[in-house]
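Visitor: What follows is each chain in one-letter form.
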Amino acid sequence: MHTIVCIKQVPDPEIPPAKFKIDPVAKKVIPPPGVPPVISVYDERAVEAACRLKDKHKGKITVLSLGSEKATDVVRHAISMGADEGYVLQDEAFENLDSFGTAYVLGKAIQKIGGYDLILCGRQAADWGAGQVGSILAEILGLPIITLACDIQVEDKKLKIKRILKDGFEIVEAPTPAVATVSSEIGLPRLPAGVALMLARRKQIPIWKAKDIGADLSELDPSKVHTEITEIFIPTRERKCEMIPGATPAEVATNLVSKLVKLI
Amino acid sequence: MSEYKGVMVLGEITEGKLAPITIELLGIGRRLANDLGEELSLLLMGGKAGVLAREAIAYGANKVYVAEDSLFDEYNSDTYTQWISNFCQKTMPSILLIGHTDIGCDLAPRLNGRLRGGLAMDAVNLSIDPSTKLLVSTRPIFGGNAYAKVVSRFARPQMATVRTKIFPPAERDDSRQGEIVSVAEKVDPSIIKAKVIDRIKEEFEGVKLEDAEVIVSGGHGIGSAKNFELLWELARLLGGTVGATRRACDEGWVPVTRQIGQSGKVVSPKLYIAVALSGAMSHIVGCLGSKCIVAINKDPEANIFNVAHFGIVADYKEVLPVLIEKFKEQRSP
Ligand SMILES: Cc1cc2nc3c(=O)[nH]c(=O)nc-3n(C[C@H](O)[C@H](O)[C@H](O)COP(=O)(O)OP(=O)(O)OC[C@H]3O[C@@H](n4cnc5c(N)ncnc54)[C@H](O)[C@@H]3O)c2cc1C
Ligand SMILES: Nc1ncnc2c1ncn2[C@@H]1O[C@H](COP(=O)(O)O)[C@@H](O)[C@H]1O
Numbered sequence: 001m002h003t004i005v006c007i008k009q010v011p012d013p014e015i016p017p018a019k020f021k022i023d024p025v026a027k028k029v030i031p032p033p034g035v036p037p038v039i040s041v042y043d044e045r046a047v048e049a050a051c052r053l054k055d056k057h058k059g060k061i062t063v064l065s066l067g068s069e070k071a072t073d074v075v076r077h078a079i080s081m082g083a084d085e086g087y088v089l090q091d092e093a094f095e096n097l098d099s100f101g102t103a104y105v106l107g108k109a110i111q112k113i114g115g116y117d118l119i120l121c122g123r124q125a126a127d128w129g130a131g132q133v134g135s136i137l138a139e140i141l142g143l144p145i146i147t148l149a150c151d152i153q154v155e156d157k158k159l160k161i162k163r164i165l166k167d168g169f170e171i172v173e174a175p176t177p178a179v180a181t182v183s184s185e186i187g188l189p190r191l192p193a194g195v196a197l198m199l200a201r202r203k204q205i206p207i208w209k210a211k212d213i214g215a216d217l218s219e220l221d222p223s224k225v226h227t228e229i230t231e232i233f234i235p236t237r238e239r240k241c242e243m244i245p246g247a248t249p250a251e252v253a254t255n256l257v258s259k260l261v262k263l264i
Numbered sequence: 001m002s003e004y005k006g007v008m009v010l011g012e013i014t015e016g017k018l019a020p021i022t023i024e025l026l027g028i029g030r031r032l033a034n035d036l037g038e039e040l041s042l043l044l045m046g047g048k049a050g051v052l053a054r055e056a057i058a059y060g061a062n063k064v065y066v067a068e069d070s071l072f073d074e075y076n077s078d079t080y081t082q083w084i085s086n087f088c089q090k091t092m093p094s095i096l097l098i099g100h101t102d103i104g105c106d107l108a109p110r111l112n113g114r115l116r117g118g119l120a121m122d123a124v125n126l127s128i129d130p131s132t133k134l135l136v137s138t139r140p141i142f143g144g145n146a147y148a149k150v151v152s153r154f155a156r157p158q159m160a161t162v163r164t165k166i167f168p169p170a171e172r173d174d175s176r177q178g179e180i181v182s183v184a185e186k187v188d189p190s191i192i193k194a195k196v197i198d199r200i201k202e203e204f205e206g207v208k209l210e211d212a213e214v215i216v217s218g219g220h221g222i223g224s225a226k227n228f229e230l231l232w233e234l235a236r237l238l239g240g241t242v243g244a245t246r247r248a249c250d251e252g253w254v255p256v257t258r259q260i261g262q263s264g265k266v267v268s269p270k271l272y273i274a275v276a277l278s279g280a281m282s283h284i285v286g287c288l289g290s291k292c293i294v295a296i297n298k299d300p301e302a303n304i305f306n307v308a309h310f311g312i313v314a315d316y317k318e319v320l321p322v323l324i325e326k327f328k329e330q331r332s333p
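In order, the protein sequences belong to chains A and B. Heads up: the first sequence begins at 1 in the working numbering, then just goes up one per residue. Heads up: the second sequence begins at 1 in the working numbering, then just goes up one per residue.
Just chain A, same shape as in the assembly:
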């Protein structure tokens, strides 16, 4: 069983909203100083899903991250969780790609690696959150795609995936190889043990350029972008919270109830 997991490095999404700043002119987010970037939340759960499959069926996990050289950090994190190999895809031509460009580059690297049974992505990246790369990747590779997975089982080269719906679940069966996108309901990611962390730190993480994966640069030409961001903004919200007075919890509760009686 060989699983390839696509993982993205993102600014820490769990900073308090008050610390979240943008540069509307550059249409970029200003990362808060001193807060290191992290592996995108759903991608970490995709690594967890891959590790569970490896626990059960043995085999191998390869992770891929398209980003800056610093993305080696998230690759190492995945390795400390249980991945075997990892690559960073970094090239000037890979900057500012849309979902199609990203899926194209990831697809090229995946074709180079080859010999996989399952490709996992997060349901959506925690930064720009386009929610498309997994599906476009599947289309590029001509593979079945199962989105929003919250449990993945494999038997006799057949996948049985539980996927999350608004008011329940469904079970989908598909042949391998296939692509699946993972949702948070799959459960919390494992915490790497100390030894694994140390070994991951020593691991060689090759950096692949466009030419290493045979990427056709004309595919990444800016004139071919499918979507462009023309503006970003933070909605202004007036704080209008009325603090409920009271010296004791009982007083506070009485005051709140009297405010709410009209409403319910």
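There could be a bad hint or two in this list.
With a Cα cut of at most 30 Å, we get these calculated DSBU-like pairs of lysine-lysine [what the hints assert, rightly or not]:
| hint | chain 1 | residue 1 | chain 2 | residue 2 |
| --- | --- | --- | --- | --- |
| 1 | B | Lys-195 | A | Lys-166 |
| 2 | B | Lys-201 | B | Lys-48 |
| 3 | A | Lys-21 | B | Lys-298 |
| 4 | B | Lys-328 | A | Lys-240 |
| 5 | B | Lys-48 | A | Lys-259 |
| 6 | B | Lys-193 | A | Lys-166 |
| 7 | A | Lys-160 | B | Lys-201 |
| 8 | A | Lys-54 | A | Lys-209 |
| 9 | B | Lys-195 | A | Lys-54 |
| 10 | B | Lys-193 | A | Lys-60 |
| 11 | A | Lys-157 | B | Lys-195 |
| 12 | B | Lys-193 | A | Lys-54 |
The set of hints was computed from the structure by calculation and includes no laboratory data.
Please build the complex by placing chain B with the ligands on the supplied structure of chain A, with the hints as guidance.
Guide: Only chain B with the ligands this time, still in chain A's reference frame:
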């Protein structure tokens, strides 16, 4: 690019009726089509789709395409992608609107990959740029901390999945005229690779989250599944139900189907009581439509106080039991 014309809505049918999102999409779709001076069309798929076509015209569609094939009664990613992409290549809509629903979330990005269009997911606003005539979709980024406007200059169709309950439903006018086109193309079931073999509906205790008038929502600060009982007690008393943040669901204290937020459910009750949750934007976007938000949190700096109407800075364990008592007193004079 000028061969691509008109606004098309991908209809959904639930329990034999036009889904609420479809009527919402016909409303906003009509506005966009008017701004462009082009047609609004609707695609309806399913064994009994034909009977709904007239009604769709009353809701503003100029043209309704009906694909009456019972194979479409259940959504399948493989058949829908294949059939709709073929259909779009023939009809060439300039704009394609899809609901941000179970079906839309799965279908839209894959359809986009097949058609090589330009897609914005989870759009909360749509407009036509007056000078370029391009569709401008506004969508949340960074977990709802900010929003981006997205356009597609070169790719067609311009697609968006649209969040439910953002746009008002279209107004019905039975005197409207339109054309009904039946589409004969069948889908080849042998292309199905991924098959749905089972569907499990979660049985909800009490009212559904989306229908509830009162929701008591708990966060990681609640501390355990057992402590959530207190929230249940308050919710039952007020005829409502319980929701939760992702962190509370992650801990297994609450079923995952009760998660509220960007990647959970979007709710708009009359009263939303947010207990021991910090108010991350990705949670807040799921409950901003509530009439009244009450926040109980021991941290006065918590972001939830920036969106709440009423706030209590306290340990919830001290406040909730007395609050329950006071509501009981008030209800039985
Ligand atoms: C792409 C993306 C999508 C996401 N989607 C969602 C989503 O759909 N829904 C969602 O909820 N989250 C979502 N998240 C996660 C979100 O960012 C937050 O991590 C999560 O909402 C925080 O949950 P919380 O408020 O329960 O926990 P915390 O942030 O840990 O807050 C706990 C709060 O409890 C308070 N507290 C602790 N003890 C007590 C006490 N005894 N009495 C009173 N107050 C107390 C604390 O002061 C604190 O404010 C998403 C994140 C990303 C990146
Ligand atoms: N730069 C990237 N490197 C690796 N994987 C990525 C990258 N961008 C997106 N992905 C994968 O695609 C998923 C969906 O991303 P998106 O469509 O951008 O929301 C992510 O959760 C990742 O698994």
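Visitor: All hints, please: hold or fail.
Guide: Tested hints:
1. Using a Cα cut-off of 30 Å, the hinted pair Lys-195(B) and Lys-166(A) holds, with the two alpha carbons roughly 19 Å apart.
2. Between Lys-201(B) and Lys-48(B) the CA atoms are separated by roughly 23 Å; this keeps the pair inside 30 Å, and the hint holds.
3. For the hint linking Lys-21(A) to Lys-298(B), the alpha-carbon distance of about 26 Å falls within 30 Å, and the restraint holds.
4. Of the supplied pair hints, the one linking Lys-328(B) and Lys-240(A) holds, its CA atoms being roughly 28 Å apart against a limit of 30 Å.
5. Pair hint Lys-48(B) plus Lys-259(A) does not hold up; C-alpha atoms about 49 Å apart against a cutoff of 30 Å.
6. A C-alpha spacing of about 23 Å is found between Lys-193(B) and Lys-166(A), which places the hinted pair at or below 30 Å, so the restraint holds.
7. Between Lys-160(A) and Lys-201(B) the alpha-carbon distance is near 18 Å, which keeps this suggested pair within the 30 Å criterion.
8. Restraint check for Lys-54(A) and Lys-209(A): the C-alpha separation of about 29 Å stays at or below 30 Å, so the hint holds.
9. Restraint check for Lys-195(B) and Lys-54(A): satisfied, since their Cα atoms lie roughly 24 Å apart, inside the 30 Å limit.
10. A distance of roughly 25 Å separates the Cα atoms of Lys-193(B) and Lys-60(A); the hinted pair therefore holds under the 30 Å criterion.
11. Distance restraint check for Lys-157(A) and Lys-195(B): the Cα-Cα separation of roughly 15 Å lies within the 30 Å cut-off, and the hinted pair is therefore satisfied.
12. Our distance criterion of 30 Å between C-alpha atoms is met by Lys-193(B) and Lys-54(A), whose separation comes to about 24 Å.
Of the numbered hints given earlier, the model fails hint 5 alone.
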